[in-house]
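There are 2 protein chains.
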Amino acid sequence: MKKKITLKLIAKELNVSISTVSKSLKNSKEISEETREKVQAFAKFYNYKPNNIALSLKNKKTKTIGVIIPEIVHYFFSKVIFGIEHIANQRGYNVIIGLSNESFSKEVLNMEMLANGSIDGFILSISKETLEKRDFHHFNETIAQGMPIVMFDRVEDSIKCDKVIVDDLLGSKKAVEKLINSGCNHIAIVTTKDFVNVGALRTKGYILALEENKKALNDSLILKVEDSELIDDNLTQLEQDIEHMLISNPEIDGVFAVNEIYALTVMKVARKLKKRIPEDLQVIGFSDGVLSQNAVPTLTSVSQHAQKIGERAAELLINRLELEDYEEEEMELERYETEVIETELIERESTK
Amino acid sequence: MKKKITLKLIAKELNVSISTVSKSLKNSKEISEETREKVQAFAKFYNYKPNNIALSLKNKKTKTIGVIIPEIVHYFFSKVIFGIEHIANQRGYNVIIGLSNESFSKEVLNMEMLANGSIDGFILSISKETLEKRDFHHFNETIAQGMPIVMFDRVEDSIKCDKVIVDDLLGSKKAVEKLINSGCNHIAIVTTKDFVNVGALRTKGYILALEENKKALNDSLILKVEDSELIDDNLTQLEQDIEHMLISNPEIDGVFAVNEIYALTVMKVARKLKKRIPEDLQVIGFSDGVLSQNAVPTLTSVSQHAQKIGERAAELLINRLELEDYEEEEMELERYETEVIETELIERESTK
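Chains as they are written, first to last, in the UniProt record's numbering: chain A, 1 to 352; chain B, 1 to 352.
FYI, nobody ran anything at the bench for these hints, they're computed from the structure. There could be a bad hint or two in this list.
Treat identical chains as interchangeable: a pair holds within one or across any two.
[To be verified] Straight-line alpha carbon distances no greater than 25 angstroms define the calculated SDA-like cross-link-like pairs of lysine to any residue that follow:
| # | residue 1 | residue 2 |
| --- | --- | --- |
| 1 | K173 | L273 |
| 2 | K133 | G92 |
| 3 | K63 | E102 |
| 4 | K308 | Q237 |
| 5 | K63 | E129 |
| 6 | K173 | L345 |
| 7 | K160 | E243 |
Only a predicted model underlies this, so the values are computations on that prediction, with no experimental measurement involved.
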């Protein structure tokens with residue numbers, strides 16, 4: 001049987017890189033005319049053909065991106081979608097959105113529905129239930145079928161795909177260090193349960209900042225909230241938990257909260273307990289939205305640059321979708337990127 | 001040619017209603033055994049068959065609802081989707097969302113993409129550009145192809161479909177009357193341009209309240225904002241416009257704003273101008289979200305019950321999708337409902 005001619009073989013034979021062969025076949029001006037002619041002549045002589053099945057699959061493009069987010073009543077996810085739309089529109093792609101409502105089965109259902117010919121690839125953030133179950137078969141199957149996924153914010157390391165994450169640990173560490181440098185000695189944290197990886201990382205950042213600054217760690221100052229991050233009309237349980245912590249530990253002079261709603265609820269409870277902000281209690285939130293900007297006093301926050309997260313996720317996905325087929329099929333190594341978007345501490349009135 | 005036997009003919013022949021015939025054929029216990037047997041015997045004798053083409057079209061169900069909204073970074077639309085999801089999940093439907101970004105062409109594109117076999121029907125709110133252009137062909141074509149639409153909030157009367165709206169006029173009238181009854185004599189409004197029908201209706205409610213209460217109407221107290229309702233990081237233009245109005249008209253003692261962001265911006269500018277709320281200036285917003293609840297002072301608002309709007313829209317759509325085929329095809333009149341969800345004035349600290 002005649003050996004199949006591949007880009008790799010041509011590259012080896014002519015002693016150039018695979019990328020040079022690929023570009024020469026596309027007649028890219030990046031490559032010298034001499035090399036281009038040599039590669040093209042060689043490919044023609046050996047009757048080189050790109051893999052046709054892959055091509056025909058590839059050509060059935062919908063030019064649509066499927067986005068799966070855990071919640072919609074959530075400024076962070078809305079802003080990420082805003083960023084995704086921004087890049088998608090620029091590059092001629094449409095976006096459709098499905099919600100998992102933090103449920104594993106809805107996440108699976110939405111992915112099956114959209115993967116069925118409607119879209120070219122996914123951008124998604126994993127639901128809490130999926131993170132808790134640690135069942136990732138639907139992601140792996142989707143990728144195995146040749147449909148790329150880009151994960152953002154809530155990602156899972158073991159899955160082979162591009163990821164866009166926030167430096168949750170460093171961002172939180174910076175926030176707690178700001179509280180320490182502003183004179184706080186007893187800093188509490190209001191965070192999520194540990195199975196939410198971003199919550200766990202933010203808690204780690206808090207602990208690290210205390211340790212490095214030789215501050216004692218006190219378990220009763222770590223409040224892990226049962227509830228979801230959902231913006232809910234009924235916040236009473238959260239309010240009670242925070243009130244209980246502030247009353248039982250009157251020495252608390254700083255609170256780091258891992259999202260806006262927790263931070264605003266801390267400020268509300270503090271007002272009720274006649275604690276002045278920032279004189280008696282300094283507060284920093286994570287994720288910087290309209291709530292932080294419009295709070296009174298305005299809230300010092302760790303900004304995640306949600307729009308930028310969406311933009312980068314869309315760029316990574318579209319770049320992958322538009323990889324030339326013969327380049328992709330013959331690359332020895334599939335390289336996946338994990339891009340870290342740096343956070344920024346935005347100082348406002350809730351800290352000194 | 002033999003006359004085609006229809007439900008209507010059977011009904012006429014047996015002197016019962018079409019609905020009785022339909023239910024008898026489904027062997028519904030609602031109908032007396034005698035009538036059921038008579039109808040079934042008659043139908044069998046004349047070899048009655050439901051319209052097969054309609055049936056086969058109907059049976060190709062995706063059990064998915066397509067939702068098109070103008071913006072995602074917007075608490076009202078997020079809450080509507082929350083309501084749609086709530087009912088859809090209960091009744092075994094999935095939801096996918098597309099964004100028009102207030103653009104006519106994106107609205108058309110999204111509808112074409114989703115109508116192409118992915119969904120059974122649409123729930124949507126019309127983009128500003130479409131309202132301005134008054135080009136509604138894409139809605140009418142979709143309906144003509146047998147795909148039902150339910151419109152909410154921003155609707156167009158001429159389109160034959162179910163609608164869920166808010167009593168914008170009455171809600172605004174109530175808000176302005178509240179300001180009058182709390183002692184305001186010079187009430188301003190911050191509203192949208194008139195082509196946004198909900199903005200126009202809210203402006204009408206404001207004018208009506210002033211007229212009925214024999215208050216003078218002053219054009220310089222009506223600020224029609226150029227910008228979209230988008231929650232934008234850059235609000236400076238809006239702030240400048242409001243500041244200009246409040247400085248040029250120092251007698252203003254009450255402001256009605258047609259959305260939360262406008263209302264919060266009014267409060268921000270008032271703070272800057274050292275006007276106390278509610279002592280010097282009372283403020284009421286329209287649409288009641290986390291911003292109103294968390295503002296300082298908390299904001300008196302007209303609640304639109306966004307979640308309920310979504311729930312009713314989903315119920316209307318699913319009810320129509322699940323109409324029995326032979327019932328539907330033979331109904332003489334297609335009846336469409338316009339359901340009005342009543343607003344509610346929620347009084348907080350920004351009014352006396």
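Evaluation of the provided hints:
no.	hint	in the structure
1	K173 - L273	neither (28 angstroms within a copy, 38 angstroms between copies)
2	K133 - G92	between (37 angstroms within a copy, 23 angstroms between copies)
3	K63 - E102	between (27 angstroms within a copy, 21 angstroms between copies)
4	K308 - Q237	between (33 angstroms within a copy, 24 angstroms between copies)
5	K63 - E129	between (30 angstroms within a copy, 24 angstroms between copies)
6	K173 - L345	within (11 angstroms within a copy, 43 angstroms between copies)
7	K160 - E243	neither (43 angstroms within a copy, 53 angstroms between copies)
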